[in-house]
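Residue numbers (my numbering), protein chains in the order written: chain A, 3 to 118; chain B, 16 to 123.
Don't read these hints as lab results, they were simulated from the structure. Values in this document were obtained by computation on a predicted structure and should not be read as measured data. All C-beta atoms in this analysis are idealised placements derived from N, C-alpha and C, irrespective of residue type, glycine included. Some hints could be false.
Okay, derived cross-link-like pairs now, DSS-like style, lysine-lysine, Cα gap no bigger than 30 Å in a straight line [said to hold, decoys possible]: (1) B:K57 x A:K59; (2) B:K57 x B:K94; (3) B:K84 x A:K59; (4) B:K72 x B:K84; (5) A:K13 x B:K57; (6) A:K72 x A:K55; (7) B:K74 x B:K57; (8) B:K57 x A:K55; (9) B:K57 x A:K72.
Looking from chain A toward chain B, a few residues come up when the C-beta cut is under 10 Å (computed) [stated by the list, open to error]: (10) P41; (11) Y108; (12) F109.
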Amino acid sequence: DAGITQSPRHKVTETGTPVTLRCHQTENHRYMYWYRQDPGHGLRLIHYSYGVKDTDKGEVSDGYSVSRSKTEDFLLTLESATSSQTSVYFCAISEPSGLAGEETQYFGPGTRLLVL
Amino acid sequence: EDQVTQSPEALRLQEGESSSLNCSYTVSGLRGLFWYRQDPGKGPEFLFTLYSAGEEKEKERLKATLTKKESFLHITAPKPEDSATYLCAVPVGNQFYFGTGTSLTVIP
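Model the full assembly from the supplied sequences, consistent with the hints where possible.
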């Protein structure tokens, strides 16, 4: 499982409240990612990080922010949760896997978020 | 535009009935095509990476192949424990683009 944990695993919250999800890895990987998974859309990238304090936006970043103050932790914050952010959120890391340095992504167990 | 398209969306097979799942992609300069398995309530689990047309990789009852436009995941004599959603993905820049998956059900 590439040493990835996510917390909480399940959360119910109300519209308008801020929510923070945590991803923790134990193997010093440089790259970390946050995805959301929804029926009919598959996995979509929210934000990713390529080092401490280095982050960039993905395909569906609106309404989300991230922070990475330590190599092992990557936080995803929903600034003001909306019902459209009800989803399953996955954290991933990547490792070099090919002769040319291509990266393979490995995923955490996910966080199920329900926004009422 | 769609980078990755998977078909069929769902597939029901009898135990032992072989079949194939399709993943077509539109990116140029492919830097790898990745297959994952996802069980309900869990994160995707890495299966294979294919890097060039003609390449094949096998794992138990699964064999993945790659052409210039698509990849196939062949399942030979499947068992109920092969039931899962199978995802494919391609890297574009620093991002991975995933298909929506094929949900496979193998009936005993």
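Handout entry: Given hint K59 of chain A paired with K57 of chain B - CA-CA distance at most 30 Å
Key = holds (25 Å)
Problem - K74 of chain B paired with K57 of chain B [C-alpha distance capped at 30 Å] - result: Between K74 of chain B and K57 of chain B the Cα gap is close to 20 Å, so the pair holds against 30 Å.
Handout entry: Hint status (Cβ of F109 of chain A to nearest Cβ of chain B, threshold 10 Å)
Key = Hint on F109 of chain A: holds, closest Cβ of chain B at ~4 Å, below 10 Å.
Exercise for the section: Please verify that hint: P41 of chain A, Cβ, nearest Cβ of chain B, below 10 Å or not. Expected result: Since the shortest Cβ distance to chain B is 9 Å, the answer is holds.
Exercise for the section: Would you mind confirming whether the straight-line C-alpha gap from K57 of chain B to K55 of chain A stays at or under 30 Å? Expected result: It holds: about 29 Å lies between the C-alpha atoms, which stays within 30 Å.
Practice task
Assess, step by step, whether the Cα of K57 of chain B is no farther than 30 Å from the Cα of K72 of chain A, and give holds or violated.
Solution key: Given pair K57 of chain B, K72 of chain A holds - Cα atoms ~26 Å apart, limit 30 Å.
Exercise for the section: Mind checking the alpha carbons of K13 of chain A and K57 of chain B for me, to see if they're no more than 30 Å apart? Expected result: Satisfied, since the Cα-Cα distance of roughly 16 Å is no more than 30 Å.
Handout entry: Distance restraint between K72 of chain A and K55 of chain A, which requires alpha-carbon spacing of 30 Å or less
Key = It holds: about 8 Å lies between the C-alpha atoms, which stays within 30 Å.
Exercise for the section: For the pair we were handed, K57 of chain B and K94 of chain B, check the Cα-Cα distance against 30 Å. Expected result: Holds, because 20 Å separates the two Cα atoms, which is no more than 30 Å.
Practice task
For the pair we were handed, K84 of chain B and K59 of chain A, check the Cα-Cα distance against 30 Å.
Solution key: With Cα atoms ~28 Å apart, K84 of chain B and K59 of chain A stay inside 30 Å; holds.
Practice task
So, Y108 of chain A near chain B? Judge it on the closest CB pair being under 10 Å.
Solution key: Hint on Y108 of chain A: holds, closest Cβ of chain B at ~6 Å, below 10 Å.
Exercise for the section: Would you mind confirming whether the straight-line C-alpha gap from K72 of chain B to K84 of chain B stays at or under 30 Å? Expected result: holds (17 Å)
Checked against the numbered hints above, the structure violates none of them.
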